[in-house]
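A.B. asks: Dock chains D and H against chain A, hints included.
Protein chains in written order, with the working numbering: chain A, 1 to 225; chain D, 1 to 226; chain H, 1 to 307.
A portion of the hints provided could be inaccurate.
Taking lysine-lysine and the DSS-like style, the derived pairs with C-alpha atoms no more than 30 Å apart in a straight line are [as the list claims (entries may be wrong)]: (1) H/K165 with D/K25; (2) H/K202 with D/K25; (3) H/K165 with A/K25; (4) H/K202 with H/K244.
For the record, the hints were derived by calculation from the structure and aren't laboratory data.
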Amino acid sequence: MQQDPDWFRNVAEYILREGLPTTLKLAAVAVIVSTVVGMVLGTLITIPFRPLRALIRLYIEVWRGLPILVTVLFIYWTATAEVGGFRFELSAFWSAAVGLSLWGSAQVAEATRGAVQSIPREQHEAASALGFGWVGRHTFVIVPQAVRRLIPPMVGLLVNIIQNTTIAYVIGVSELLETANRQFENLTLAGDGHPFVIFGFVLALFFLISFPLTRLAAYLERRLV
Amino acid sequence: MDIVFAAFDWSFIWENRAEIWSGLKNTLRAAAIGIAGSFLIGVVLGAARAHRIPVVSQLAAIYVELIRNTPILVQIFFLYFGILPWLGYTGTPFLAAWLSITIWGGAFNTENFRAGFEAVPRQFREAAYALGFTPLKTFLNVTLPIGGRIALPSTINTYISVLKNTSLLLVIGYAELTSVANHIQSVTFRTFEMFAVIAVVYLALVWTLSALVRLLEARLALPESR
Amino acid sequence: MKRLGFVTVLIALLAVGVAVTLGTAAPSREGAQEARLPAKPKLPALPAEIRNRGRWEIGVKCDTPPFGYQDTDGNHRGYDVEVAKQFARWAFGNANRVDYTCTTTASRIPTLLSKRVDIIISTITWTAEREQQIDFSLPYYGAVGRLLVLNQTNVGQLTSWMRGKRIASTSGSIYDRWIRNCFRDTQFQVISSPGAGVLAVKNRQVDAFMYDDAFLVGVAANDPGTKMTAHRFLNVPWGIGIRKGERPLKRWVDTAIAGMANRNMFWPIMRRTVPRRFYSTFRANVPSPTNKLRYPRATTPENNCPR
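Just chain A, with the same shape it has in the complex:
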């Protein structure tokens, strides 16, 4: 195998064509699911009902406490079931998506809890006085205000999830790191792997995506909170 002098273009094209869309898709799914599930759980945990709070607290502590890699590996190897004659299994992509979402939703739940509990008592009292029940009060008064406080950390979470999609490499999802590593190995066997260029390229890609978002989060923190 000769080293193609044009090797970088081929490698970069492959990484961008195969890896980047998968990374973005994985991040998008995980962010959306984490946000929805997390906000629901984070609001529910404020209900003064012990068993429910304990259950949600357990969920949060487990999925935040485990390394995401261990969660993803565990799901990948156990998410197969046979019901009747129908076989069900999670693909590597969806195992990673579920694992990331479990972690992400636990983070969002904790942040939501903090935000909801930081809304002053008076808001609750005023809403009750106006005739809102618990659900109405939270839906129309409390949560919208909490959301404002949540936006900066949510942008931060988005950045975190984008970085953490690289964990999916370990179970073989063809995202940015996996595609880059595949090319690195092919090139190594052909003579020189060019690790600085290839992994530097991936670092640069992630930086270009994440840095603006981090700046945005800082800006929003100043403006909204």
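C.D. replies: The following block gives chains D and H in isolation, referenced to the frame of chain A:
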């Protein structure tokens, strides 16, 4: 569910206990150095940033932004396959293991300590100057103890993340706990049981550390913030 | 007399010409046998699930040239992949009716057991221990284990050299077992892929990388800084992995492999996947009508420690 558990053969855990224990030790080893290292980097660079020391402050800012905006896994690859071979390092993955998580944790800790130092009320430092303390003495006797305590929750969260990130080191062949689990399941094929066991171990470690955090927070937190 | 002599010479020349033509064709026994066989063997029925799906789901290597790897367009290539394609041709008439799942040495058996794939064609060496977990098809390749070292490394007698050295191989491989069983004083360094093993040698992070000959031959040939030592060990064939109890599938796969071997179809696949100068090295590794591979059922190769 009882039927399910009975069908699992847990004896392989006992048979492989030496390897599992060795994996756990490696996890703790790398995490300990990572935590100590990130503490040192965080204090030094955080102080440089908070006091706006020229050159060092800017370089530290670049370091922080680079590390925080890129995935740790890619940093590990870059270090292990790029930098270390280029420097001619020929040892085991242990160096790359603790170095990569130290560099990662140090960046986050720099921000944690910077925020902590900057949150020390101005009047404390002014009082120290008035008493004739040099800037260094002020830092060591006033800013660091107080700022450090303010930063305590965020720094310990970083240390917990450093511990959890040791699981990623399996990609460079460092024989920590997750790597050991992967190896054992590849020869015993008891995949579910193996990962269930290490999940319990990680949770035990992380929850213990978190409980320690809460204890320390209660004891060491500043009176005002109680 | 002259005319008789002339005719004799003519006949002799003709005879020589015919003999040369016949001689340079494939060995006559193989050629005759191939010619007698129909293009496709009589295969038993495919299991219903695969038949209804219309596609194979096969686990292959994606990081181990020349057996399973991906090119820059993302296409799966290699010896194992060609076998998979042949199965698709014979099952569905189209070589593209396969969905490939990338597996590593550590993940291939769990991938099979968790039913993510129908079969695994994943450079898996037969061992008695593995046969307790999965069924092996008839052998489809015979590998030999080799050591890759830097050019300047001198390896004399294997057992004494191995003491105190760091040797890399993939997690769960037959080399993993063999080193841990037989070389207690050797430090085993797990690496996540064969490419990483090569790098570990080149970067001097390990003293040697132990792996299959076909992969290492390509590496040593391309890289002037590394070489294979002369030691050969663990000469055990590979099989296709099938879940236990799936008899119809095993019958289909075995019939297909036997059919490919009898029609000498493995050798052309090998020729397509390795450079010409390695042909002689690998001829004996592929099954053919004259080369039958067998699993060493009487021994446990990974416990077979050299003295």
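A.B. asks: All hints, please: hold or fail.
C.D. replies: Against the structure, the hints:
| no. | hint | verdict |
| --- | --- | --- |
| 1 | H/K165 with D/K25 | 22 Å, holds |
| 2 | H/K202 with D/K25 | 29 Å, holds |
| 3 | H/K165 with A/K25 | 45 Å, violated |
| 4 | H/K202 with H/K244 | 41 Å, violated |
Checked against the numbered hints listed earlier, the structure breaks hints 3, 4; every other hint is satisfied.
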